[in-house]
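Chemist: Protein sequence lines, in the order shown, are assigned to chains A and B. Taken in order, the first sequence gives residues 44 to 157; the numbers are from the numbering used here. Taken in order, the second sequence gives residues 60 to 176; the numbers are from the numbering used here.
For the record, the hints were derived by calculation from the structure and aren't laboratory data. Glycine included, every Cβ here is placed at the ideal spot set by N, Cα and C.
Derived, one-sided and incomplete: chain B residues facing chain A with beta-carbon distance under 10 Å: (1) G62; (2) R68; (3) Q96; (4) P102; (5) C151; (6) N163; (7) E169; (8) W172.
Cβ pair distances, simulated, as ranges: (9) L99/A - G99/B: 24 to 32 Å; (10) K111/A - Q100/B: 23 to 31 Å; (11) Q100/B - I103/A: 19 to 27 Å; (12) S55/A - F125/B: 36 to 44 Å; (13) L89/A - P120/B: 25 to 33 Å; (14) R123/B - L89/A: 26 to 34 Å; (15) L155/B - P73/A: 19 to 27 Å; (16) R140/B - A44/A: 26 to 34 Å; (17) A97/A - R140/B: 43 to 51 Å; (18) K111/A - R74/B: 41 to 49 Å; (19) L89/A - F125/B: 24 to 32 Å; (20) A61/B - A97/A: 22 to 30 Å; (21) P73/A - A156/B: 13 to 21 Å.
Computed from the model, here is a short list of chain A residues facing chain B with C-beta under 8 Å: (22) L89; (23) F133; (24) S149.
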Amino acid sequence: AQSVTQLGSHVSVSEGALVLLRCNYSSSVPPYLFWYVQYPNQGLQLLLKYTSAATLVKGINGFEAEFKKSETSFHLTKPSAHMSDAAEYFCAVSVPGSARQLTFGSGTQLTVLP
Amino acid sequence: GAGVSQSPRYKVAKRGQDVALRCDPISGHVSLFWYQQALGQGPEFLTYFQNEAQLDKSGLPSDRFFAERPEGSVSTLKIQRTQQEDSAVYLCASSLALQGSSGNTIYFGEGSWLTVV
Numbered sequence: 044a045q046s047v048t049q050l051g052s053h054v055s056v057s058e059g060a061l062v063l064l065r066c067n068y069s070s071s072v073p074p075y076l077f078w079y080v081q082y083p084n085q086g087l088q089l090l091l092k093y094t095s096a097a098t099l100v101k102g103i104n105g106f107e108a109e110f111k112k113s114e115t116s117f118h119l120t121k122p123s124a125h126m127s128d129a130a131e132y133f134c135a136v137s138v139p140g141s142a143r144q145l146t147f148g149s150g151t152q153l154t155v156l157p
Numbered sequence: 060g061a062g063v064s065q066s067p068r069y070k071v072a073k074r075g076q077d078v079a080l081r082c083d084p085i086s087g088h089v090s091l092f093w094y095q096q097a098l099g100q101g102p103e104f105l106t107y108f109q110n111e112a113q114l115d116k117s118g119l120p121s122d123r124f125f126a127e128r129p130e131g132s133v134s135t136l137k138i139q140r141t142q143q144e145d146s147a148v149y150l151c152a153s154s155l156a157l158q159g160s161s162g163n164t165i166y167f168g169e170g171s172w173l174t175v176v
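In isolation and in its complexed conformation, chain B is listed as follows (with noise of 0.2 Å):
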């Protein structure tokens, strides 16, 4: 597709179930981040790729989050046993550009809705 797409776009989970985020960003994009964003707040950076090398993961707020993006395209995150504090939108983007080049755009997906009851 043209854009970064995200799914699902809305998921409830309940306290504790583990919930999978899948992310696909534009073709031909190298560079990945997860961002986190509660409600009424502005995204938080969880993580990055490079291609299929993590490169930061310095974001994810504990180790109950993963994410991973084996064959450097479709990506990942993860989160286990989720609490009512990881309630927010996880908002994927990409870029075509390595990190560092000169303010390359990063395109963001519509995000994943999470609530957990």
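Looking at chain A on its own, in the form it has when it is part of the complex (with noise of 0.2 Å):
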């Protein structure tokens, strides 16, 4: 079975300064690695994934994440923080062949401070 940890449920940083949100992953198999963002009252949103192609992934809003198979994480980066940012990330595993695609973390809530 796999899982997902995000250490940190909360992290403030500095409008400007750069975003680390941090994953790591348990899989028997080699996984496809995802992270969402969901804004208050909103569903979510596909920021990023990793299917075993590039290792460093990517995705919307400036953010990339880059996986790291040997420290089994896929932590998510952005060089510089904009307010808009805030809101609560998912991480998420999906093992290919599997019915339930994806399996989460649960959550790290992004502030930014001005």
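If you follow the hints, you should be able to join the two separate chains into one complex; please do so.
Modeler: Below you can see the structure in the form of structure tokens.
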């Protein structure tokens, strides 16, 4: 079975500072990995996904993530935070061939300080 | 519509009442999923449909939960005799391809917020 651990349920950064949201996964087979963002009272929006191609994945809104097999990590970064980035971020893992498709972490709430 | 549509967006139910939550997936999407998201938690898988076939319902928490997709498009999640622990956001999602495809993108609706009082 696969699982995801997101370190830090709350992260605060200043506007313009680096954003780093941590995600570690566990999977018995090579996984697919995803980052979703959820704004208040809204559904989940896909930021980016890793599907065994390039290990550095670029997504929307300037976010990117790097798949590191040796560290079983898929951390999300953005060089410069904007106020509009404040939201909840979820890391998710999918095992190819699994009907469940996505197993989510518990989420990280990002606060951007002016 | 262009996205996954869910209704009602907000539902307050008295304990013991039955509720039905509707999901209109993106047109042509084969796969449909229901997730439950408790406050402060990540979404938890409930059930999966491929067209009209319910291929996995292992995430449904009890026999009070029932989902259907009779014509392979619209889906309904029904909760009978609601309990306070059923209070959560119920997210519907759909994707174009069959399960197992190469990390195909799953699109989520805005959710149905259920509060049981």
